[in-house]
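Novice: Let's have the full structure, built from the sequences with the hints guiding it.
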Amino acid sequence: MPVERRIRSGLARNADAVDPDVDRFLGVVQRRARRRVIVRRVAAGLAVAAAVVAVVVVGPQVMRGVRDLGRQAPAGHPTPTPGLSGTFSRTVAPTGAAIRSNHMAGQWTLRLSGGTIEPVSAPRAFTGLLSTFQYQVRGSEFRTNLFVGDVCLNKPAGTYRWVLSGRTLRFAVVSDPCRPRAALLATGSWQENR
Amino acid sequence: MGKGAAGRVFALAGPTLIVGGRVVPVGDAEPEYVWFFRAEFPGVLRTVFLILHDRGRSEDVTQEAFIELFVHWRKVSRYERPEAWVRRVAVRKAVRALRRERMRAVLEREAFPEPGVDVPDVDLARGVRKLPVMQRSAVVLFYFEDRPVSEIAFILGISEGAVKVHLHRARRRLAELLGEEVDENAR
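Those protein sequence lines, which keep their order, are chains G and U.
Throughout the first sequence, residue numbering follows the working numbering, covering 1 to 194 in sequence.
Throughout the second sequence, residue numbering follows the working numbering, covering 1001 to 1187 in sequence.
Simulated from the structure, these hints should not be mistaken for laboratory data.
Yeah, the Cβ is synthetic: ideal placement off N, Cα and C, and Gly gets one too.
Any given hint could turn out to be false.
Sample of chain G residues with no beta-carbon within 12 Å of chain U, all distances over it, derived [unchecked claim]: (1) S9; (2) L11; (3) N14; (4) D16; (5) S89; (6) T95; (7) T116; (8) T127; (9) Q134; (10) R143; (11) N154; (12) T168; (13) A186.
No farther apart than 20 Å at their CA atoms in a straight line, the calculated lysine to any residue pairs in the SDA-like style are these [what the hints assert, rightly or not]: (14) U:K1130 to G:V37; (15) U:K1093 to G:R36; (16) U:K1093 to U:G1043; (17) U:K1093 to U:P1120; (18) U:K1130 to G:A12; (19) U:K1075 to G:G128; (20) U:K1093 to G:R41; (21) U:K1164 to G:P2; (22) U:K1164 to U:K1075; (23) U:K1075 to G:V37; (24) U:K1164 to G:R5; (25) U:K1075 to G:I38; (26) U:K1130 to U:K1075; (27) U:K1075 to U:M1134; (28) U:K1075 to G:R34; (29) U:K1093 to G:F25; (30) U:K1130 to G:E4; (31) U:K1093 to U:P1031.
Specialist: As structure tokens, this is what we get:
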């Protein structure tokens, strides 16, 4: 017998051995399917609720952060900073809770230029945003919103006194509610890179 | 009771769900689904059984496919051929189940389980069980369901050329196992 005919007839005969009780399966499938639909709808509802809560709770904080950024350095009005610019480095020791909890210990390099302060290198373990931030210099006063995006989220800018002696830059905290930023800037001196 | 929201809730037939204060009927498209289920479930179950050769697992796989169909019924019922959709889901689930079973047998260094013998043509069942998963599925869809190669390609998610190769190899292997002759011109 050609194998094709054998396959066709054999499969048909073997399939006939299966004679399901369709109504029983229909009941089972409907019950399980309804349960699954309900679970999916509840999960979707919860996801929407979580999104709404996130917008309501986090949204104002983000908006405050953005406004704060704008207050510190209004766009279109760059503050002249003739007294301080350059690239400075320092090694931050793993001392203090603010440094340790933010994994800030290690080698840092900051570039300050034209009112923009940018961490150009940071310890690998540091997970904060390395972006560009703003600073203002008025006489011996230095203000910055460094790390306003995450580590110092929702915190106003910090104010410092600064002094550049030769190639060594030192900051002293006047007021800064963001302790990690204060610890980074003011617990040691910065060496200018040339 | 008036015609307020509560009245409408009680007027709804079948199970309902309240989401955010809104009453959502869960099974409002069911009459069509029930009709489709009665028409297609036995055929899909038989096809899956011929691939898996295990009644219990075939029932599980087929039920899962029809549960997915229920969940997506509003969309799938508008397709030109909803039965092709549910077959595709069921056959793919069967293929995945077989692959898992074979992988487990390899990992646990166990012999692949012998086929069940509660079918009329035991030799053919044993022969089909010896085929690789895709050859087995292609053979069932082609010779039992009489599906064209293009549709088998859609169901298995492979090219038509690959389907032809699977069928050719499966025919030769089954002819060898069953001691039958191969007609190379046969379709």
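Novice: Now tell me, hint by hint, if it's right for this structure.
Specialist: Quick rundown of the hints versus the structure:
no., hint, result
1, S9, "violated (8 Å)"
2, L11, "violated (4 Å)"
3, N14, "violated (4 Å)"
4, D16, "violated (8 Å)"
5, S89, "holds (54 Å)"
6, T95, "holds (51 Å)"
7, T116, "holds (47 Å)"
8, T127, "holds (37 Å)"
9, Q134, "holds (43 Å)"
10, R143, "holds (47 Å)"
11, N154, "holds (31 Å)"
12, T168, "holds (62 Å)"
13, A186, "holds (51 Å)"
14, U:K1130 to G:V37, "violated (39 Å)"
15, U:K1093 to G:R36, "holds (18 Å)"
16, U:K1093 to U:G1043, "holds (16 Å)"
17, U:K1093 to U:P1120, "violated (25 Å)"
18, U:K1130 to G:A12, "holds (19 Å)"
19, U:K1075 to G:G128, "violated (45 Å)"
20, U:K1093 to G:R41, "violated (24 Å)"
21, U:K1164 to G:P2, "holds (18 Å)"
22, U:K1164 to U:K1075, "violated (32 Å)"
23, U:K1075 to G:V37, "holds (14 Å)"
24, U:K1164 to G:R5, "holds (18 Å)"
25, U:K1075 to G:I38, "holds (18 Å)"
26, U:K1130 to U:K1075, "violated (38 Å)"
27, U:K1075 to U:M1134, "violated (28 Å)"
28, U:K1075 to G:R34, "holds (16 Å)"
29, U:K1093 to G:F25, "holds (18 Å)"
30, U:K1130 to G:E4, "holds (17 Å)"
31, U:K1093 to U:P1031, "violated (26 Å)"
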